[in-house]
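Novice: Chains as they are written, first to last, in our numbering: chain X, 63 to 284; chain E, 63 to 284; chain F, 63 to 284; chain R, 63 to 284; chain W, 63 to 284; chain L, 63 to 284; chain B, 63 to 284; chain D, 63 to 284.
Among the hints, erroneous ones may be present.
Once the Cα atoms are required to be at most 27 Å apart in a straight line, the calculated DSS-like pairs of lysine-lysine come out as [said to hold, decoys possible]: (1) K194(L) with K207(X); (2) K207(F) with K164(D); (3) K194(L) with K164(D); (4) K168(L) with K207(L); (5) K270(R) with K194(W); (6) K207(D) with K207(X); (7) K168(W) with K194(W); (8) K194(E) with K164(E); (9) K207(L) with K207(W); (10) K207(R) with K207(W); (11) K194(F) with K164(F); (12) K194(B) with K207(W); (13) K207(X) with K194(F); (14) K194(E) with K164(B); (15) K194(R) with K270(L).
Under 7 Å between C-beta atoms, here's a sample of chain X residues computed to sit facing chain F [as the list claims (entries may be wrong)]: (16) L112; (17) T169; (18) I262; (19) F265; (20) A268; (21) N279.
If you're looking for bench data, these hints aren't it; they were derived computationally from the structure.
Note that beta-carbon positions come from the ideal geometry of N, C-alpha and C, so glycine has one too.
Protein chains: 8
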Amino acid sequence: MAEFNGLLDPEDTVMLLIDHQSGLFNTVRDVPIPDLRNYVIALAKTATLLNIPVITTASVPDGPNGPLIPEIDQYAPHAQYVPRTGQINAWDNPPFVEAIEKTGRKTLIIAGTLTSVCMAFPAVSAVQAGYKVYCVVDASGNWSKMATDTTIARVAQAGAIPTDTFAMVAELMRTWNRAEGSRFAQILADHVCPEYKCLIESFQKAQKVVEDGPETNLDKYQ
Amino acid sequence: MAEFNGLLDPEDTVMLLIDHQSGLFNTVRDVPIPDLRNYVIALAKTATLLNIPVITTASVPDGPNGPLIPEIDQYAPHAQYVPRTGQINAWDNPPFVEAIEKTGRKTLIIAGTLTSVCMAFPAVSAVQAGYKVYCVVDASGNWSKMATDTTIARVAQAGAIPTDTFAMVAELMRTWNRAEGSRFAQILADHVCPEYKCLIESFQKAQKVVEDGPETNLDKYQ
Amino acid sequence: MAEFNGLLDPEDTVMLLIDHQSGLFNTVRDVPIPDLRNYVIALAKTATLLNIPVITTASVPDGPNGPLIPEIDQYAPHAQYVPRTGQINAWDNPPFVEAIEKTGRKTLIIAGTLTSVCMAFPAVSAVQAGYKVYCVVDASGNWSKMATDTTIARVAQAGAIPTDTFAMVAELMRTWNRAEGSRFAQILADHVCPEYKCLIESFQKAQKVVEDGPETNLDKYQ
Amino acid sequence: MAEFNGLLDPEDTVMLLIDHQSGLFNTVRDVPIPDLRNYVIALAKTATLLNIPVITTASVPDGPNGPLIPEIDQYAPHAQYVPRTGQINAWDNPPFVEAIEKTGRKTLIIAGTLTSVCMAFPAVSAVQAGYKVYCVVDASGNWSKMATDTTIARVAQAGAIPTDTFAMVAELMRTWNRAEGSRFAQILADHVCPEYKCLIESFQKAQKVVEDGPETNLDKYQ
Amino acid sequence: MAEFNGLLDPEDTVMLLIDHQSGLFNTVRDVPIPDLRNYVIALAKTATLLNIPVITTASVPDGPNGPLIPEIDQYAPHAQYVPRTGQINAWDNPPFVEAIEKTGRKTLIIAGTLTSVCMAFPAVSAVQAGYKVYCVVDASGNWSKMATDTTIARVAQAGAIPTDTFAMVAELMRTWNRAEGSRFAQILADHVCPEYKCLIESFQKAQKVVEDGPETNLDKYQ
Amino acid sequence: MAEFNGLLDPEDTVMLLIDHQSGLFNTVRDVPIPDLRNYVIALAKTATLLNIPVITTASVPDGPNGPLIPEIDQYAPHAQYVPRTGQINAWDNPPFVEAIEKTGRKTLIIAGTLTSVCMAFPAVSAVQAGYKVYCVVDASGNWSKMATDTTIARVAQAGAIPTDTFAMVAELMRTWNRAEGSRFAQILADHVCPEYKCLIESFQKAQKVVEDGPETNLDKYQ
Amino acid sequence: MAEFNGLLDPEDTVMLLIDHQSGLFNTVRDVPIPDLRNYVIALAKTATLLNIPVITTASVPDGPNGPLIPEIDQYAPHAQYVPRTGQINAWDNPPFVEAIEKTGRKTLIIAGTLTSVCMAFPAVSAVQAGYKVYCVVDASGNWSKMATDTTIARVAQAGAIPTDTFAMVAELMRTWNRAEGSRFAQILADHVCPEYKCLIESFQKAQKVVEDGPETNLDKYQ
Amino acid sequence: MAEFNGLLDPEDTVMLLIDHQSGLFNTVRDVPIPDLRNYVIALAKTATLLNIPVITTASVPDGPNGPLIPEIDQYAPHAQYVPRTGQINAWDNPPFVEAIEKTGRKTLIIAGTLTSVCMAFPAVSAVQAGYKVYCVVDASGNWSKMATDTTIARVAQAGAIPTDTFAMVAELMRTWNRAEGSRFAQILADHVCPEYKCLIESFQKAQKVVEDGPETNLDKYQ
């Protein structure tokens, strides 16, 4: 299906969630931290829903960078954790690349904190290694907005595709016409686009008013 | 204690959560909607923790304004809902004022969507009626930032005290030296200041490293 | 009713729309011009709905300041135009003050372009002359945002009440429980808070789906 | 004419207006909602003026996404609506692509809400299918500004041309030297660039002053 | 006239331009530097036009603070320069206060760089000494925007009136119905509100078209 | 010299200043209008200094678009004005292209209001016609910031080089080691980077202090 | 001296630096963290220079709030640390108030992280207790900008004076005409207004060029 | 190693720090000046740590541009200074290019003030001369944000890689698993990402609490 329309093929995809650590999160200045946490959760839940392999890793998690946020394992329990021995670019860590190769898949979704380092370096390396690479910029988190602007230009120049969390979930989902349709909607409403949660609540209330009748008793008019 | 230092007395306080409705939330432009929802939850949980009476009301919830967000009842199950018969200023609705009077308390915490209407009008009326009034500006949500700027000036001019959600929770909490200390911390970390959640996670990890030893195996150096 | 709760009394109110001219509009930098035009329309329509006297004036409209925007007369055909002979502060123009005095009303709603001049000067003068004054800051339009910030502080310091268009309409409307309820809603949706227009459309569609059944034909699931 | 200068040829063009729905509009954070509505109207009116085929579609309009905004049919009554059966990428819906193919035209103007999904996915697919594609970014509306930044980079990388509503109307219009000249001007003034409306009013007033003489009576000088 | 409407009386006014020095200007972050320079020029020209006494002073101009900008003397050649012997608050310099007292006037217009120091300190001191004080916030220039926000609150709290350059010029001018009317307009167009310059040019062109006929030769239509 | 380092060759360059008209300037929202006017002056003066041919044109200057700003002719009196007969893309006007061709030069500097139309369309056309094209984005002025963002991407995608006024002047100037060195500095200080004017004033004062001795008399210390 | 001009008297002043802790700093969103750290250093150094008593305290520094930043003790070694037993408002801690009372001084400079809590609560309490209170808003650091806006209004309403770091240092310094003049300048250049550091460097270089002659060898011109 | 993953090879790299001068710094508007100074220090220290050749130059440092900031020589004492004879593009200065060629290295890291001139011009020239070029956008400093936006597009279009200071340091560092690991961390914490400094302090404190026990004595609970 991906061949048909230029979008990615979930069957060919691996998700790399790199260095989403509590300490590093406190250095993020381009995405509000709670949003960032939610976007990572959205990716994790989507991968779980579609049985997409998830590979995680952390940069010196026993130092000030802090631990991986617990939500990744919580919402993607199948995620494989590959420890590093100090490499900044996860692609420099042979076990990390081997874990990807073992899946036999050639499309990568990459999110990483910091965007211009932990997301960008493996993206550049993976494109060079022949992978089709999607960079989820807003599920990554960077130390400055200007650094993110340069990174969008850099990864696009290198041939990786810049995208955002909502688009990534939608590109994986492809259609509402599937059994998991409402579960995708729930992910988007809960973690990516909270305005949508309001829409659902209002929609259900509007329909309930038809069924149950109005409740506001205006004294004089209606 | 409040007499002593100019801050409010939780024993004398009623919390008014006015018109936090899903439809109205989608008109809010000064506070991100998920933040707004969380700030209201924080107020609701704090009121529950301290047994502060909560009074809610809604403006024509069977129309496009939408239903009250469900989290208020969920986290403040003791909240009393007072229906209105169309009044925009909740203070114009006699049952609403009577509900406040029944508590015998004279300090009001008011949050309402929209800030310049549903929060500001009752605040002005309550000051005139002799109440001490706190306006929680960022738990209210307004249709424009400029409207919020004018509203801060207006309610301060009228004698109501403008404040924010974090300050409100802290002013109610007063001290960490109480049985509920950690529960307040949890409210702030979960709903008001998510950076704090990262700090807790990092703090615990740092201490765990002392106890369990490091986990990063650098090949050559440490 | 106004006495009761500190809000204004529409029966005691005159609306002054000062120098909303096409040329001056092109100098406005604190409010998007189309929004400004709509906010003025909203005030004009509201005044018409409530039979509130409207007095307009213009500053040298036969020069680069340009003509009064045509929408004022269009939506408040009862507006009285008082020409000036060059005075910047409309209050310096005796016929303008006399027109106000003839109404016998003592509460003024003032909007004017530029905010820090055409709105602020008459507001200060009117407070000194014993009027209760509301300044509609976002229906005024100023040459810079910092000028608006100083003006909010200045008029509040002088004793005038700073407010915004939505709050002004709502303060005049007071309740949905009146014959004109839906017409107020239409004013707000069309001219002040366009997000509300979406809510109405979605609300009606949601109810229509209950009545007519769904229209999306998912091939496999629903 | 298009061949001559690199711009598009209106005779070869189809306009795709995808998922401009009231519910989705309330999730838009990169373009003010009233502006977005106006930009879509501008495209619709321009297509009508030039007899450019318009194809619309909606994503589950009987759910919280809400109905198509009514203005599309109102201002482009010749628009063909193609229902979808759940596909997120309209290009995945064979009847949608067939409708385009039936026109025999090979240049597409695409606007869609959300930008990074409903506009970007069909744009990428259409480029792959050999079409020349224009993406009208500000007539699309996205859930976050950062998502729009990544999308501009993505569609440009894919070979689609990013543009804006004013430029799109102007590129279709090509010259004032045509019978419909003033109607294009009216579209731009009413829906895209309201400052222009002020300029027209001021221009006409300035000319009227020459014809009718001045109206401001200064007491002492002129 | 000032008594009548609460605005200042130019006959009772002295203008204090404090520490507008080239070095200090390069520390200004709340107003664009060219705007700041122009606003000071506007004040200087207005004072000259109305024969308002101007008193200037500088803070250690032979050090990195740099010289007074030359435009003050250029456009207000009657300005009296009072050297200081190191005092930060100009009011602490007896010759400076004496120069003011010699004018016998009791209303002060103060602008100074930095706003929160050189404008605010003398403003607070002058209010205490019984003067009516206007603070021209945007003709002052501050080292940070937050510092300006606190300063507006501080001087308003102290009883000084915060205002902006346009409002100041207009409050001094009072009416277009005076011999110098067009010279005030020129000051505003050249130095305060450059959009106005465009309006004048467009206005004159529009009138010239009536007199001379159109110049655009459309081939086919008009 | 240009061949040597990839920068443009002034000897091969023509400057196109398109549609810098007073009316259109009032629609500009991405660059402050006085800055825009100054940037155009800087380009005009630079062209004059280097004897670079300048070609101007205007879009319906006898309508609301208004006249060309007078500063172009004032500072580039050698500019050739080519009237159009309604074409939006100046490249569609054969006399305009012929005027360029007559110079025999193949590098174009283009600035135009609006950026996404009057600058972008001729830029795309000229690249197609084989010219090397520089787009001076901030000497152009656009109706919205998002439109400018898309335009930078569009013209870069088309092969034109996006740049800014300061860089353009510097790229033409190439070296301070030329007779006109100080005149370039004056252009930059007066019209592009006013902070530089402060630097010059401070620099001269600092040197004067060495020559003339200090002037601040501190009573006690130095 | 303070009596004379309404500014504070350093001899009557105590500085309270409350809860400037590394963990809390990572929750600050209204002031860049490095700036905040520098502003606190500036206050500490100034207090040391003037022998102003400094009292510090921390909120649960053995938890996620983290330790006091080390710079306070480093630059104000005379600072007295008063531990708290959990009180959020430092004024609720009797030993803290006693430490202030022991100084016999009645003017307080307060900075605290978070602004709307740790700075605002003691400020309100101290005003009630009869102190003259200065709130240094930008040496405090808050969890959101809107919270800071409400806090400026709140403390001003309560009678405390809002100010900024630069103004505070200048108000304490009062004059350059003192032995410590250059040390104040160094504090401002190093920690508050780094643009000033550039000015000093440029000033010295300009004077050195006079003394040593120029160093740029232009080949052809000078 | 660089060959392996597409990142640069420090062994093949030269760092060019161009025109970081005190006067020019005061014209920078896209990066806060203290941040800019720190980013340059970070690059200098990193080069020193890795023995990467550094070449500096300055543009007319005996004029208003001011001297090179002293920190470059302070932290990269091995830096070679190449004087220019007026050339704006350092690449136009033969001794500058020769200095690069003498190193025999083919990868360049370029930072320069102003970004769109002093960084961009040599970047374009170096790419044309066959070098692999990294542009450190935020260690450069530009006169306007829009100029930076155009420059990112321009250098990417030319084939140079846009990046930021943090990414540059990390790309040079490559791994924590090296003797200098902690020195890199110190550079980042001190000069690039000060939030990290807080994390280190908090991390150490958290571990100290485990070792030494808590210090807060709550009266009643813990």
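Novice: For every hint, state whether the structure bears it out.
Specialist: Going down the list of hints, with the structure as the test:
1. For the hint linking K194(L) to K207(X), the alpha-carbon distance of about 32 Å lies beyond 27 Å, and the restraint is violated.
2. A threshold of 27 Å between alpha carbons decides the hint, and for K207(F) with K164(D) the separation of about 55 Å lies outside it, so the pair is violated.
3. The hinted pair formed by K194(L) and K164(D) fails the criterion: a straight-line CA distance of about 33 Å is larger than 27 Å.
4. A C-alpha spacing of about 30 Å is found between K168(L) and K207(L), which places the hinted pair above 27 Å, so the restraint is violated.
5. For the hint pairing K270(R) with K194(W), the CA-to-CA distance comes to about 45 Å; that exceeds 27 Å, so the pair is violated.
6. Distance hint between K207(D) and K207(X) is fulfilled; the C-alpha atoms sit about 12 Å from each other, no more than 27 Å.
7. A hinted pair counts as satisfied when its Cα atoms are at most 27 Å apart, and K168(W) with K194(W) qualifies at roughly 6 Å.
8. Between K194(E) and K164(E) the alpha-carbon distance is near 16 Å, which keeps this suggested pair within the 27 Å criterion.
9. Of the supplied pair hints, the one linking K207(L) and K207(W) holds, its CA atoms being roughly 22 Å apart against a limit of 27 Å.
10. Taken as a hint, the K207(R) and K207(W) pair is honoured in the structure, with Cα atoms around 24 Å apart against an allowance of 27 Å.
11. With a C-alpha separation of about 16 Å, the suggested pairing of K194(F) with K164(F) holds against the 27 Å cut-off.
12. Proximity of K194(B) to K207(W) is assessed by CA-CA distance (about 25 Å); at most 27 Å being required, the pair is judged to hold.
13. Distance restraint check for K207(X) and K194(F): the Cα-Cα separation of roughly 47 Å exceeds the 27 Å cut-off, and the hinted pair is therefore not satisfied.
14. Taking the CA atoms of K194(E) and K164(B), the gap is about 33 Å. The hint is violated against a cut of 27 Å.
15. This hinted pair does not check out: K194(R) and K270(L) have alpha carbons roughly 64 Å apart, beyond 27 Å.
16. Restraint check, L112(X) versus chain F: the minimum CB separation of about 16 Å is more than 7 Å; hint violated.
17. The beta carbon of T169(X) comes no nearer than 25 Å to any beta carbon in chain F, farther than 7 Å, and the hint placing it at the interface is violated.
18. Taken as an interface hint, I262(X) does not check out: its beta carbon lies about 10 Å from the nearest beta carbon of chain F, beyond 7 Å.
19. At about 5 Å, the closest approach between the beta carbon of F265(X) and any beta carbon in chain F falls short of 7 Å, and the interface hint on this residue holds.
20. The interface hint given for A268(X) holds, since its Cβ lies 4 Å from the closest Cβ of chain F, which is under the 7 Å cut-off.
21. Taking 7 Å as the C-beta cut-off, the interface hint given for N279(X) is violated, the closest approach to chain F being about 9 Å.
Checked against the numbered hints given earlier, this structure breaks hints 1, 2, 3, 4, 5, 13, 14, 15, 16, 17, 18 and 21; the rest are met.
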